[in-house]
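J.: Each chain, letter by letter, is given below.
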Amino acid sequence: MSQDINILSPCGMLGYGFPEESFRRGMAQRVHAVVVDAGSTDGGPHKLGAGVSIVSRRAYKKDLEIILGACLPRKVPVIIGSAGGSGAKPHVEWTLDIIEEILRERGMSAKIAVIWADFAQERVLEALRQGKIVPMSPNIPLLTEQAIRETASIVGQMGHEPVLKALESGSEIIVCGRAYDPSPFAAVGLFHGKDPGLSYHLGKILECGALCAEPATTKDCILGTISDGHFTVRALSDCRACTPISVAAHTFYEKDHPYLLHGPGFMLDLESCTFTEPEPGVVRVSGSRFIPRDKTFIKLEGARLAAYRTFVIAGVRDPILLRKLEEVENAVIAQTKQYYPEIDERDYEIRFRNYGMNAVLGEREFEPFRGHEVGVLFEVVAKTQELASSICATLRSTFLHYGYEGRKSTAGNLAFPFAPSDIEFGPVYEFSVYHLMECRADDFPIEYRQGGVRNGEAG
Amino acid sequence: MAKLGDIARVLRSKNSGPFELTLDCLFDNREYYERLKRSNAITKEAIARLYRIREDQVHQLVFYDQALGFKVTIAREVSSGSAGDRDVYGAQQHAPLMDLEVALEEG
Chain A
1 MSQDINILSP
11 CGMLGYGFPE
21 ESFRRGMAQR
31 VHAVVVDAGS
41 TDGGPHKLGA
51 GVSIVSRRAY
61 KKDLEIILGA
71 CLPRKVPVII
81 GSAGGSGAKP
91 HVEWTLDIIE
101 EILRERGMSA
111 KIAVIWADFA
121 QERVLEALRQ
131 GKIVPMSPNI
141 PLLTEQAIRE
151 TASIVGQMGH
161 EPVLKALESG
171 SEIIVCGRAY
181 DPSPFAAVGL
191 FHGKDPGLSY
201 HLGKILECGA
211 LCAEPATTKD
221 CILGTISDGH
231 FTVRALSDCR
241 ACTPISVAAH
251 TFYEKDHPYL
261 LHGPGFMLDL
271 ESCTFTEPEP
281 GVVRVSGSRF
291 IPRDKTFIKL
301 EGARLAAYRT
311 FVIAGVRDPI
321 LLRKLEEVEN
331 AVIAQTKQYY
341 PEIDERDYEI
351 RFRNYGMNAV
361 LGEREFEPFR
371 GHEVGVLFEV
381 VAKTQELASS
391 ICATLRSTFL
401 HYGYEGRKST
411 AGNLAFPFAP
421 SDIEFGPVYE
431 FSVYHLMECR
441 ADDFPIEYRQ
451 GGVRNGEAG
Chain B
1 MAKLGDIARV
11 LRSKNSGPFE
21 LTLDCLFDNR
31 EYYERLKRSN
41 AITKEAIARL
51 YRIREDQVHQ
61 LVFYDQALGF
71 KVTIAREVSS
81 GSAGDRDVYG
91 AQQHAPLMDL
101 EVALEEG
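Those sequence lines, one after another, are chains A and B. Note that the first sequence ends on residue 459 in our numbering; no numbers are left out. Note that the second sequence ends on residue 107 in our numbering; no numbers are left out.
To be clear, the hints were calculated from the coordinates, so they are not data collected in a lab. Be a bit skeptical, because a hint or two may be false.
[As the list claims (entries may be wrong)] Examples of chain B residues toward chain A, derived with CB under 8 Å:
1. Ala2
2. Gly17
3. His59
4. Ser82
5. Pro96
[Said to hold, decoys possible] Sample of chain A residues with no beta-carbon within 10 Å of chain B, all distances over it, derived:
6. Val55
7. Glu100
8. Asp118
9. Gly170
10. Ala248
11. Pro341
Every residue, glycine too, gets a C-beta built ideally from N, C-alpha and C.
Whole structure, please, built from the sequences with the hints as guidance.
T.: Right, here's the structure in full:
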């Protein structure tokens, strides 16, 4: 029997924070790696398109300081998955810059592996021409040359292979560009010769932090242990615990299927898994099956700039207006369009969101409106910022003073919380690439560098 | 008759990638789970009606006994965060499913 491998996941998203006490409790074990996911597409296409993070630099650094400060002196490798939120070049560089700052501030040094996940347009165009690209689900449009050319930033989700290579090279910090979320975790188990099905299933659970415990949270640590034939997970804070149901249920989370998971080059079949509790708060999982595929397809993600937005938030309290709110809004849109006959109507879109009425579900709302107050958000998205702001200003003033039938409040229809009322949002992005592409051996290049204070250099 | 939202322990929605929305319904009670599964109330047709979509826009509907739950994955009409989206994380789209009335036979 080979030794048990412990993997500590501090939180579900680097920069979300975690209790230091939980982390220290985890580090009191013999930990073989600390792995933390930093990425997601859940927050929409903006991060990838604009090259920015969803967490603040301050929070990202705060989390990394605790992790690096504990791991580097103990020679525990640190792996960051999907660095900076989207794992494209600007996100990876932002992460490296923060790591460098921490190392220098603390007079430390580390061997860093950087695994890039960017894909040049030419590379994707070539794969498209060779018929090596397919959509992820039936409602995604087929990829076109035009869509690729309009997408400045394209990343691919790496599997465990480059991370495994970086571990084999003795890296102390591994900064991954965009990765399949469980892969950086799975690489640790595989590096230590563990079963790929167990390694990946554990990775799938750990990548969300303590979300598999009760009460669930992404902002706390979780410890995973891979043995021969099973793995276990346990929470590291007294205020939460893992149960067989909570861990089994987590297998569901944010995937399209409850027990079949598609990763780069394999499928994970969790249908026959068993979840038991050998001791209180420790959940043992076995039966996770790794089924390799003939060809490795990686998931490509790309975001393009689609339009610019200006929006307004206002309150409506007048009961007469509330009774005919949608009718008035449609009339306001019509009058605004009439005011700009010289502008092509295809160059802009106007939308109303009536919070308190049906803003969240739209057409799917089944409850009749019963409120006495509604928050109205209206937006104009247009080809340019100037166009969006001009039309939004006309829309706002038209709505404010619109004289609908039966109106008694002739001084104004909207309560603005702010002055100015119109907010320039800037560019709006959209996912223009979300497709599978056949992977090549030279995708995801690894670059090694020495970070922090070098020999002979003052700290 | 019971409302699904009253008998489920977890009933949630979330993106499964930017182009799909996934609904999870989990129980903490094997009896309720088994009775719901046997009731055949959860079908692609019922989901399509609830979410005002076509049946072919219901991409998955699967029960998973180990977790005492089922999962439904549907197509998003607008991809996450694009102009016109109402719920970037897809985190508040579970309410229609909560309101679904199901007839549970006696255990």
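J.: Look at each hint and say if it fits the structure.
T.: Here is how each hint holds up against the structure:
Because the beta carbon of B:Ala2 sits about 18 Å from the nearest beta carbon in chain A, more than 8 Å, this interface hint is broken. Restraint check, B:Gly17 versus chain A: the minimum CB separation of about 6 Å is within 8 Å; hint holds. Below 8 Å, beta-carbon pairs count as interface contacts, and B:His59 has one with chain A at about 6 Å; its hint therefore holds. Checking B:Ser82 against chain A by beta carbon gives a least distance of about 4 Å; that is within 8 Å, so the hint holds.
Checking B:Pro96 against chain A: minimum C-beta separation of about 6 Å stays under 8 Å; hint holds. Even its closest Cβ contact with chain B, about 15 Å, leaves A:Val55 beyond 10 Å, as expected for a residue assigned away from the interface. With a closest Cβ-Cβ approach of about 31 Å to chain B, A:Glu100 is found to remain outside the 10 Å limit, as its non-interface label requires. Here A:Asp118 stays apart from chain B, with its beta-carbon at least about 19 Å from theirs, past the 10 Å limit.
Residue placement check: A:Gly170 keeps its beta carbon more than 10 Å from all beta carbons of chain B (closest about 35 Å). The beta carbon of A:Ala248 is not kept farther than 10 Å from every beta carbon of chain B, the shortest such distance being approximately 4 Å. Its beta-carbon lying about 23 Å from the closest one in chain B, A:Pro341 satisfies the requirement of being farther than 10 Å from that chain.
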